[in-house]
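Visitor: Generate the whole structure from the sequences, applying the supplied hints.
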Amino acid sequence: MSELPLTRNVRPDLSPTGIKAYEANGGYQGLRRAMAGLSPADCLQVVKDSKLRGRGGAGFPTGMKWSFVPMDNVSPGHKYLICNADEMEPGTFKDRLLLECDPHQLIEGMILAAYTIGADVAYIFIRAEYLKAARLLREAIEEAKAKHYLGRDILGSGYSLAMYVHASAGRYICGEETALISSLEGKRANPRAKPPFPQVSGLWGRPTIVNNVETLCNIPHIIERGPEWFGSLGLGEDAGTKLFGVSGRVSNPGCWEMPMGTTIREILEDKAGGMAAGYQLRGFLPGGGSTDFLVEEHLDLPMEYESIGKAGSRMGTGTMIVLDDQTCPVGFVKNLIEFFAQESCGFCTPCRDGLPWNAQVLDDIEQGRGKPEDLDTLEQHVGYIGAIGNTHCALAPGAMEPLQSALKYFREDFQRHIDDGACPYRGAH
Amino acid sequence: MSEQLHSLDATALHLSDAELAEIDAEIAHAPYRSAVAIDALKIVQSHRRWVSDESLEALAAYLEMPAAELEGIATFYNLIFRQPVGENVILVCNSVSCWIKGCEGIRAAISRQLGIEPGQTTADGRFTLLPITCLGACDKAPVMMVGEHKFEDVTVERIPAILEHGEGATPG
Ligand SMILES: Cc1cc2nc3c(=O)[nH]c(=O)nc-3n(C[C@H](O)[C@H](O)[C@H](O)COP(=O)(O)O)c2cc1C
Ligand code: SF4
Ligand code: FES
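Keeping their order, the protein sequence lines are chains Y and V. Under my numbering, the letters of the first sequence match residues 1 to 429, in that order. Under my numbering, the letters of the second sequence match residues 1 to 172, in that order.
These are calculated hints, taken from the structure and not from any lab test. Among the hints, erroneous ones may be present.
Derived lysine-lysine pairs resembling DSS-like cross-links, with alpha carbons at most 30 Å apart [what the hints assert, rightly or not]: (1) Y/K132 to V/K140; (2) Y/K187 to V/K140; (3) Y/K187 to Y/K51; (4) Y/K65 to Y/K145; (5) Y/K51 to Y/K310; (6) Y/K65 to Y/K310.
Each pair of labels, with its calculated beta carbon distance range [said to hold, decoys possible]: (7) Y/G158 to V/L13: 40 to 48 Å; (8) Y/N25 to V/G72: 44 to 52 Å; (9) Y/Q415 to V/S111: 31 to 39 Å; (10) V/P160 to Y/R411: 21 to 29 Å; (11) V/V156 to Y/G156: 57 to 65 Å; (12) Y/E379 to V/A123: 15 to 23 Å.
Every residue gets a Cβ at the ideal spot worked out from N, C-alpha and C, and that includes glycine.
Guide: In structure tokens form, the structure reads like this:
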């Protein structure tokens, strides 16, 4: 079996790994290595060469993102690193595992990332309900400070970094990186226009990098072991490992670290144990609530950015939501659209007004009040709202992904609701 | 500290010393006072369970920002309560994985037991019931929280024991 660096400290009982156990298992070696002789430019090169891509959903190359941060000292002042621990996308439960089981891995990754981009302040933006994780992180920050891994003059290198935990007050849009920055500034979490990109003008107008928890957790291993090693962890095109999760009616729902390029079938059948007794697979969202459905014919695809993209979906967060044969696809999509409608920040019209309209149409269909023209209305909305560029941020197009693919794969279910004037699945729950 | 207080609007005195100390600790590493608006709302709420009009105005004065702006921030976020809530806030996840696993039945069982609908508080002030989006524990659906405790793989049968003595909790 190949190496699984991200979860090596995750214990069967999911108890947190403290600083002693973390160090005993090779922790803070990446940081020691960097502080003893790697320049920020050296670290950047290593991360670029590793081909690490962001694990927050969009898959943007991490090294390239970091390289946009100005490294000259023409405009002196703060630079910021932010860890995005908002994890509010329905069906997503991977970052929680890393936060609760191995907080020092994230902190070490953040120190290395901050060092690389020259940031002197770092924030962990964590969703309101992750109380245990927030407490563990605050404790871990104090432990790291006591060991001179954090704070002034880290390990005698002359580099200093302050780190704070900011707990959110609850709103999905806070996960969008520019909305997150607005929220961290104490404002309503409305996304900002890009450009300027946060790398140049982010938190309080200063250069800022926002990275996902899982992305940052990879950094200590990459710095310590190097890009070739990291590349060798993946089975195909993509480097490294990934946390994959499965929820829904499967035998053994859960979250596991596996090599990039593991097939969907392996995740669903070997790890999740296949469908729960008495249920058949209809389809699944491969990477959280804002990704397009895939179906049985896609089971042998590797979980890689390219292959999932070619199949018409996105790897997203890598946490799958399974639709079974006794769950109504219309109800499934309605639940998601209602979530996105509720969580819309209200800034732009197609999202603020269009999503509730879709939710209403879906509710009508599900309640047996659907009209034959409703499917055209939904298709039209998918075209308008789903097009990147018609809305101020990616929330609304993301919301359309499960709907547009459900209309493609489960159209007969929508049609039957309208023809019968009732939900054929009623009573299944 | 005391010098600073003298220069502030008298409504700031509504806030307790403990609240002010926590808010000041946030202000200490912020570029300007209103930058800690969300932290400050959460601090006040952690002491008083909710944010009243009086608290909001006092806080706005203390943070040197318009009360209307702070109100706009407070009402934007799902977990800032601008109405009184009970001793224990029950959050029942209603997102997709929990919906598949029957969260509607869980919600109905809680409503039956406590005699309240979502958004309401029991007459004895013990519980407020609210829906919540995905709690990030979808493999253990259905999931709910009561105060700071999380309950996973919830069944209708477990509801009485959960509400009466928090049986089977895992820390949030
Ligand atoms: C509506 C919306 C919600 C998002 N929520 C999250 C989130 O909870 N966590 C996260 O890491 N990224 C989230 N993202 C993606 C972020 O905007 C950003 O791309 C990511 O944090 C960058 O990190 P990465 O490059 O390490 O992937 C969200 C994006 C959108 C449009
Ligand atoms: S798409 Fe929705 S969430 Fe994004 S800016 Fe527009 S209204 Fe806000
Ligand atoms: S859908 Fe309920 S915890 Fe994720």
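Visitor: Run every hint past the structure and note whether it holds.
Guide: We went through each hint and held it up to the structure:
no. : hint                         : in the structure
1   : Y/K132 to V/K140             : holds, 17 Å
2   : Y/K187 to V/K140             : violated, 33 Å
3   : Y/K187 to Y/K51              : violated, 35 Å
4   : Y/K65 to Y/K145              : holds, 28 Å
5   : Y/K51 to Y/K310              : holds, 20 Å
6   : Y/K65 to Y/K310              : holds, 24 Å
7   : Y/G158 to V/L13: 40 to 48 Å  : holds, 45 Å
8   : Y/N25 to V/G72: 44 to 52 Å   : holds, 47 Å
9   : Y/Q415 to V/S111: 31 to 39 Å : holds, 34 Å
10  : V/P160 to Y/R411: 21 to 29 Å : violated, 43 Å
11  : V/V156 to Y/G156: 57 to 65 Å : holds, 59 Å
12  : Y/E379 to V/A123: 15 to 23 Å : violated, 49 Å
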